[in-house]
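**Q** Please model the complete structure; the sequences and the hints are all you need to start from.
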Amino acid sequence: MTFTTSRFRIALLALVTLASLFSAAQRRRDPLTEEEADQLREQAQAPDARLKLWVRFTRARIAAIDQLRGDPKLAADRPQRLHDLIADIGEMAGEIDDNMAIYAKDRWDIRKELKEVVELASELQVKLRSIAEATDPDAANDRRASKFVLQDTGDAVKGLGEDARELLDQQNEQAKEKDPAKKLKKIEK
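Residue numbers (my numbering): 230 to 418.
Worth flagging that the hints you see were computed from the coordinates, not collected in a lab.
A few of these clues could be false.
As the list claims (entries may be wrong) - Calculated lysine to aspartate or glutamate pairs in the EDC-like style (CA-CA distance at most 16 Å, straight line):
no. : residue 1 : residue 2
1   : K344      : D398
2   : K387      : E348
3   : K344      : D277
4   : K414      : D335
5   : K334      : E402
6   : K281      : E324
7   : K281      : E345
8   : K341      : D277
9   : K387      : E320
10  : K281      : D338
11  : K344      : E395
12  : K412      : D338
13  : K356      : D384
14  : K376      : D313
15  : K415      : D335
16  : K387      : E345
17  : K344      : E391
18  : K415      : D277
19  : K334      : E395
20  : K376      : E362
21  : K412      : D398
22  : K415      : D338
23  : K412      : E402
24  : K334      : D398
25  : K387      : D327
26  : K334      : D392
27  : K356      : D313
28  : K281      : E265
Stated by the list, open to error - Using C-beta positions, here's what the derived DEER-type ranges look like:
no. : residue 1 : residue 2 : range
29  : P366      : Q268      : 37 to 43 Å
30  : S351      : I331      : 20 to 26 Å
31  : K376      : A404      : 38 to 44 Å
32  : K407      : K344      : 23 to 29 Å
Even glycine gets a Cβ: it sits at the ideal position worked out from N, Cα and C.
**A** In structure tokens form, the structure reads like this:
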């Protein structure tokens with residue numbers, strides 16, 4: 230085997246390895262069920278309804294975490310399932326934040342929904358802290374499996390809460406605006 234052929238094979242192997250890693254990264258789990266995704270699609274033109282759905286779906290993940298942590302029958306794959314649920318919450322927090330930014334840019338009045346998002350962010354911070362600080366016998370395995378995703382999701386949730394509070398303050402000021410061009414758009418029911 231010549232030197233050039235060897236270099237070619239190494240380069241080809243590196244290319245195949247990179248392609249497989251890229252492919253694996255592209256196949257990440259969707260945090261939504263098909264039914265949830267359909268419900269969001271149906272509300273594509275209703276900012277208030279979409280945010281309410283995102284909040285409801287995220288709270289469903291909190292309930293799933295509580296059920297998972299409280300049911301000994303689910304202990305077998307608990308660390309991985311807990312990791313996945315926490316990762317889902319992180320992605321959902323990012324989606325809520327993105328949706329808020331879009332609706333704010335378009336000047337939609339979403340103050341009521343922002344209050345719910347602020348409450349959700351507080352609930353999530355408490356839940357994530359309880360997982361990180363749990364002392365029950367299974368907690369060590371849970372923390373080991375979820376260490377990094379807990380940190381990332383905690384950061385996403387903290388950012389979500391801060392952004393929602395800031396946007397709520399901003400929209401409260403905009404609601405007082407006298408200039409019709411600067412006022413918030415009311416959502417038609």
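**Q** Next step is simple, just say for each hint if it's right about the structure.
**A** We went through each hint and held it up to the structure:
1. K344 x D398: 10 Å, holds
2. K387 x E348: Satisfied, since the Cα-Cα distance of roughly 12 Å is no more than 16 Å.
3. K344 x D277: 12 Å, holds
4. K414 x D335: Answer holds: K414 to D335 is near 8 Å, not above 16 Å.
5. K334 x E402: 15 Å, holds
6. K281 x E324: Holds, at roughly 12 Å.
7. K281 x E345: At roughly 8 Å apart (the allowed maximum being 16 Å), E345 and K281 satisfy the hint.
8. K341 x D277: 8 Å, holds
9. K387 x E320: Holds: K387 and E320 sit about 13 Å apart, inside 16 Å.
10. K281 x D338: Since the Cα atoms of K281 and D338 sit roughly 14 Å apart, the hinted pair holds (cutoff 16 Å).
11. K344 x E395: Roughly 11 Å separates the two Cα atoms, so the pair holds.
12. K412 x D338: Roughly 9 Å between the alpha carbons, so the hint for K412 and D338 holds.
13. K356 x D384: Given that 16 Å is the threshold and the Cα spacing comes to 13 Å, the pair holds.
14. K376 x D313: 12 Å, holds
15. K415 x D335: Holds, at about 11 Å.
16. K387 x E345: Given that 16 Å is the threshold and the Cα spacing comes to 15 Å, the pair holds.
17. K344 x E391: At roughly 12 Å apart (the allowed maximum being 16 Å), E391 and K344 satisfy the hint.
18. K415 x D277: Between K415 and D277 the Cα gap is close to 10 Å, so the pair holds against 16 Å.
19. K334 x E395: 14 Å, holds
20. K376 x E362: Answer holds: K376 to E362 is near 11 Å, not above 16 Å.
21. K412 x D398: Answer holds: K412 to D398 is near 14 Å, not above 16 Å.
22. K415 x D338: 6 Å, holds
23. K412 x E402: The hint holds at about 9 Å.
24. K334 x D398: This hinted pair holds, its Cα atoms lying about 15 Å apart.
25. K387 x D327: 14 Å, holds
26. K334 x D392: Between K334 and D392 the Cα gap is close to 13 Å, so the pair holds against 16 Å.
27. K356 x D313: Judged against 16 Å, a Cα distance of about 15 Å means the pair holds.
28. K281 x E265: With Cα atoms ~12 Å apart, K281 and E265 stay inside 16 Å; holds.
29. P366 x Q268: 37 to 43 Å: 38 Å, holds
30. S351 x I331: 20 to 26 Å: 23 Å, holds
31. K376 x A404: 38 to 44 Å: 42 Å Cβ-Cβ, so the 38 to 44 Å window holds.
32. K407 x K344: 23 to 29 Å: 24 Å, holds
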